[in-house]
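Those sequence lines, one after another, are chains A and B. The first sequence: position 120 = 120 (the numbering used here), numbered continuously. The second sequence: position 157 = 157 (the numbering used here), numbered continuously.
Some hints here could point you the wrong way.
[Claimed, not checked] When the alpha-carbon atoms are kept at most 27 Å apart in a straight line, the in silico DSSO-like pairs for lysine-lysine are as follows:
#1 A/44 x B/174
#2 B/125 x B/151
#3 B/163 x A/358
Rather than coming from a laboratory, the hints here were simulated on the basis of the structure.
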Amino acid sequence: MPVSAWEEFNLASRVEGVEGLRSIPALLHRNATEMGDAPAYREKEYGIWQSWTWAEAEEEIEAFALGLLNIGVGRGDYVAVIGRNRPTLYWSMVAAQMCGAIPVPLYQDASAEEMAYVLDHCGARFVVVADQEQVDKVIEVQEGLHQFEHMIYVDPRGLRKYDHSHLHEFSHVQAQGRAARDEFIEELNARRSVLGYDDTCVMLYTSGTTGKPKGVVLSNRNIIEAARSSAEFDHLKRDDEVLAYLPMAWVGDFIFSIGQAYWKGFCVNCPESVETLQTDLREIAPSYYFAPPRIFETLLTQIMIRMEDAGKTKKRMFDHFMAHARKVGPSILDGKPVGAMDRAKYALGEMLVYGPLKNAMGFSKVRVGYTAGEAIGPEIFDFYRSLGINLKQLYGQTEASVFITVQPDGEVRSDTVGVPAPGVEIKIAENGEVFYRSPGTFVEYYKNPESTASTKDAEGWVATGDAGFFEEDTGHLRIIDRAKDVGQMASGALFAPKYVENKLKFYPDILEAVVFGAGQDRCCAFINIDLTAVGNWAERNNIAYASYQELAQHPQVIETVRAHVEEVNASVAEDDMLSGCQIHRFLILHKELDADDGEMTRTRKVKRKVIGEKFGDLVAALYDGSDTIYTETEVTYEDGRKGKIKATLKLVDAAVVPVTPKAVAAE
Amino acid sequence: MLDQTEGYITADGRQIGGTLMEMKNITLKFGGLVAIQDISFDIREGEIRAIIGPNGAGKSSMLNIISGFYTPTIGEVWYKGAKRPPMKPYEVARMGVARTFQNIALFEGMTVLDNVMTGRLTHMKAGIGAQALWWGKAQREEIENREICEKVIDFLEIQNIRKTPVGRLPYGLKKRVELARALAAEPSILLLDEPMAGMNVEEKEDMSRFILDVNDEFGTTIALIEHDMGVVMDISDRVVVMDYGKKIGDGTPDEVRNNQDVIDAYLGVAHD
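Kindly produce the complete structure, drawing on both the sequences and the hints.
Put into structure tokens, the structure is as follows:
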């Protein structure tokens, strides 16, 4: 019987892990021993990049781990970590692992209730937070948390007057740990030496487009194997630089900033604050960079807006060379043959436009760049690639320890997500759903055997919930939509809302779109305009507006959006399978969809069902043929207060291309 | 009545020390115009002391006397237990008094960081030659001073505008930069001239929070002039009320709020 790649991985590492390294603390010790003087962490503070070598990092982490033992962290305890990316919080996670406890990073912008749910579900006895804001949130909900015992904060500002019976400062815990070294070091050594390859490494809560978040249990095997094979795939090196700025609760950050960083021993840089991100990015100039499509979109919008305001010569130079870059840039990047004249002109462009532009964005040294999480607009994608930035796509999930498919260098396209990642097997079920199994496949959903059983079968195959197919000639995977969102219309035609929404979202004016149509005879859509892009357009065209609502309902804005919708309709009509998904009517929403109102997940994916129910009156109006509708919506401000938005919305018809939609043929 | 020498404990439990500065029977005349008439009050160590009053009450004149810009016509200023002779403003600054201005007085063409660094000028002792050559003591001093400035920048959360020229900043942020410059001087007493003037509600809330934090974190004594009664009553420990150059009230916010003379001054009663 042939042995699959997955089984081979398993056999190789069943006994003792990779080279005997079975845990993150073990990798830390190797790094501290073998490359103790190399930088492990940097954080900009007080205007200077402060850095810690691997040896120093191990000392800091060990001190904190001893401190944790001192306040009673036990084996198997859950330690929640909340805050922006800071070395101290990464150390907290590794220190928890040293003690045999399990780190649970949380989204820092989560509301108090969301936090309460997760803290209660994992039964966290200890919580490590960044600052007063997070301390306040946890204090607000601590009544309902029966297992919660101690909280540790990093930044003492404003916390002096708080009751410190269960509250500790990070540096004090470390100091106490150092002082009690003799007492606890043996216990600590005992605990970290028994960490096994199949012990839990981390627990991450998925944002969940439906229902409550689920705790995904990932073992040391999952994390280390995924980090190892992906690092090899992209030839990551010890002297690579990354900027850690994505939410710590997101699996990607755990893999990049802990998994791969500890495996390869490269340096993790933490920005000074959220506002200084762009400056910090530029100063660090990472060689390995990761961002969701939204960040690339925002950046491109900013560049375009600034170029509109630039002087004539600069603008012309930019337009001229960008046109050339679009023509030959991607081919040069992929190593395809390009004429000498074109190459020379591209080199000139690099000197005059591309180089300075990349420098301003902080992308001068990017060797490997990834985007994932959502589909990226082909124009956005091509823009960055034409500048010579090796931006690629990957397809992943928390349950897979990120990697399912990745695009190899030289085979990069905006409409596929690449080939199976090393060690990953993929199969497509009859209904089109994508299944995978790999060494990175999660252990289980915490305290939720039903969900575990319905997602992962006995042979280790995991259902992604996404529908897709392999392209025959290239072997690349293409994802169409969430499998459960793919439905049928009244006529029996295939309904794939996300496919249409993504096409709409690729227009800079459109921030979000929600398409309805399952079980109906035609499709309708909600549109969110992008205030930055549309606001700038309004300014340049002397269009005055007092509020988001007023701008959204401006006749010229509606006309522009209608034009976009009709273009999308034309492009959707070309696809035989999906031509039924053309949008017949749409409206522009009076508020931005927001995670605080429960309309999106914290990773900014629209919750279609919630939106459909919340704005039921608007959906009904789209289908009953009325011209305008008056509506009132409750909104939640960032500080938790609630308010109401009232608006009268126009419902707009869009032209569709006549086609006879085919019924879905079961294969 | 509060004890004159010992100090007291505030409503929120902070220990306030003894007298830091005392104004004794201050009168200030500009020719025939009496701007301030026989006013006495003290500022205790660690407290937030407000001076309020309607327009033209003499508040800014009083602040200018505290900061040493004006010399009182009659009366004495006692600072840290000694009578303060007439001084130049920079000499007063060297004694640990820093201030902000009602109409922002920053160097518009310089960056935020450079502006904040000017707050350290009174602490720089190296000669002009050493500073020009960036050598020896001058270098060490600048590094130390930069460190202090960066802590202030971090504290007031203005890292993202560190390298931005002040002229490009909105009004609310300029006010914050001015506060940063004053704080960089590590003053023992900080004078704020209408820190909330012209701000919207959100900016006022931010500024109030920073003033309280400065007092809490560094223990800085703060004397402020303010128009906005609501803000003053919320953040100060004791309040002096002035009207037409006279002191008409002095005490905790509650005492002042219920003082008939103060109510009259603010609601407008005919003066005789």
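Verification of the hints:
1. The suggested pairing of residue 44 of chain A with residue 174 of chain B holds, with an alpha-carbon distance near 24 Å, which does not exceed 27 Å.
2. In summary, the hint linking residue 125 of chain B to residue 151 of chain B is supported, as the alpha carbons are separated by about 21 Å, within the 27 Å threshold.
3. About 21 Å separates the Cα atoms of residue 163 of chain B and residue 358 of chain A, which keeps this hinted pair within 27 Å; it holds.
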